[in-house]
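S.K.: Sequence:
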Amino acid sequence: MLIVYLLITATVPSFRSLGNLIAFLLLEAILVFAFKVGNRFAHGRSAFIGLIVLLALIVISSFTINGFLSAANIKAILLFAAFLGIACVGQTLVALLGGLDLSIPFVIGASNIGLLFLIGLGVPPWLALVFVLIIGGALGFLNGVLSYRLQGQALILTLGMGFAIAGLVQILTSIGSSFGGNVFGTVPKWLQNLAAMNGRTFGLAVPPTILLWVVIAVIVIVGLRYSAFGRYIYALGGNRRSAKLIGVSEFKYWTLAYTISGFSAALTGCLLLGWSGGGFIGVGDQYLFTTLAAVVIGGTSLMGGYGGYGYTVIGVLVLQVLSAFLIGIGLKYEWQQFIFGLLILPMVALYGRAPHIRAQV
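Number 212 in numbering that gives the first Met the number 0 belongs to position 213 of the sequence shown; there are no gaps in the numbering.
Worth double-checking, as some hints may not be accurate.
Derived DEER-like restraints, expressed as beta-carbon distance ranges [what the hints assert, rightly or not]:
1) V214 <-> S248: 47 to 55 Å
2) A204 <-> S248: 25 to 33 Å
3) A28 <-> N72: 18 to 26 Å
4) I170 <-> I73: 19 to 27 Å
5) G329 <-> F32: 24 to 32 Å
6) I155 <-> A28: 25 to 33 Å
7) I170 <-> R15: 42 to 50 Å
8) L167 <-> L203: 37 to 45 Å
9) R240 <-> G18: 30 to 38 Å
The hints are simulated quantities; they were obtained by calculation from the structure and are not laboratory data.
Even for Gly, the Cβ is constructed at its ideal location relative to N, Cα and C.
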């Protein structure tokens, strides 16, 4: 962290201050402590480390940034965490099976402009929303079928599918390069209320998207822990050969995970339309990295069989609080990406040392 601080101050002289230096040194000390103590846990070490880092970020941010714990700032952090958290539902399920879905950001962007385009054509907003969500799920299903048939090629296939989806939607909406992927129109008030900062839930000044994420999180966490669906997901991710021997259909759960991923990505794109008020094909670009980062930081193994959505929720909150902290101390987006990347490296190294990961390699 000291090296990061020196790099930042070398390029951003205004960042140089005693307070920022102390904040970075404290964060480094807490990270070292969390990793050392976390190594003593046979299970749940990722959740422990994530929670320690999250609490440390909140404490440090509250002392270094004025108004960090204000109601408005907390609401903003939770709202953006909700967008990312919903997008991560599918990525977590796919990762538990040992796959990856790199089409998520493209489905988000395509859904974002596609929904507003349909509304502009006169399609009832609720019907347009349902249609976009169904198409998102169908695209996810197609990803699942093709990646299953081409085992080991999910990364390249979903990335290629994502580019194709984004290009096709721009062609169909006749926007092309002249509009740069933008769609202009009137977003329904109910959709704006659903995702805007000033949205209200049952009269309370809480955006409904936050509550929606909480409900989704509870359903997914409970479902993975207590349902047959969850047991089979873990069984296939941990040892697909053994799972198939006891009659678990790998094709069924593989395609279902990708279908959910496409659906959750489409839902995120629609919610982001309510937040921004305009359609933009690139609105999902950042989610290519952050959905993977949240899963990895949370502790879900990208090789399958270990982790869960509860871990991902911790990863999402760590990313959003860290992002708010970095913005609060004056860092630009490119520095945020750099520091996010540095945070992922030790987490991957830690999981690589875990017995359940080594056994899969």
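S.K.: All the hints need checking, so say for each whether the structure fits it.
M.R.: Comparing the hints with the structure gives:
no., hint, verdict
1, V214 <-> S248: 47 to 55 Å, "28 Å, violated"
2, A204 <-> S248: 25 to 33 Å, "46 Å, violated"
3, A28 <-> N72: 18 to 26 Å, "25 Å, holds"
4, I170 <-> I73: 19 to 27 Å, "41 Å, violated"
5, G329 <-> F32: 24 to 32 Å, "27 Å, holds"
6, I155 <-> A28: 25 to 33 Å, "41 Å, violated"
7, I170 <-> R15: 42 to 50 Å, "49 Å, holds"
8, L167 <-> L203: 37 to 45 Å, "40 Å, holds"
9, R240 <-> G18: 30 to 38 Å, "55 Å, violated"
Checked against the numbered hints above, the structure breaks hints 1, 2, 4, 6, 9 and satisfies the rest.
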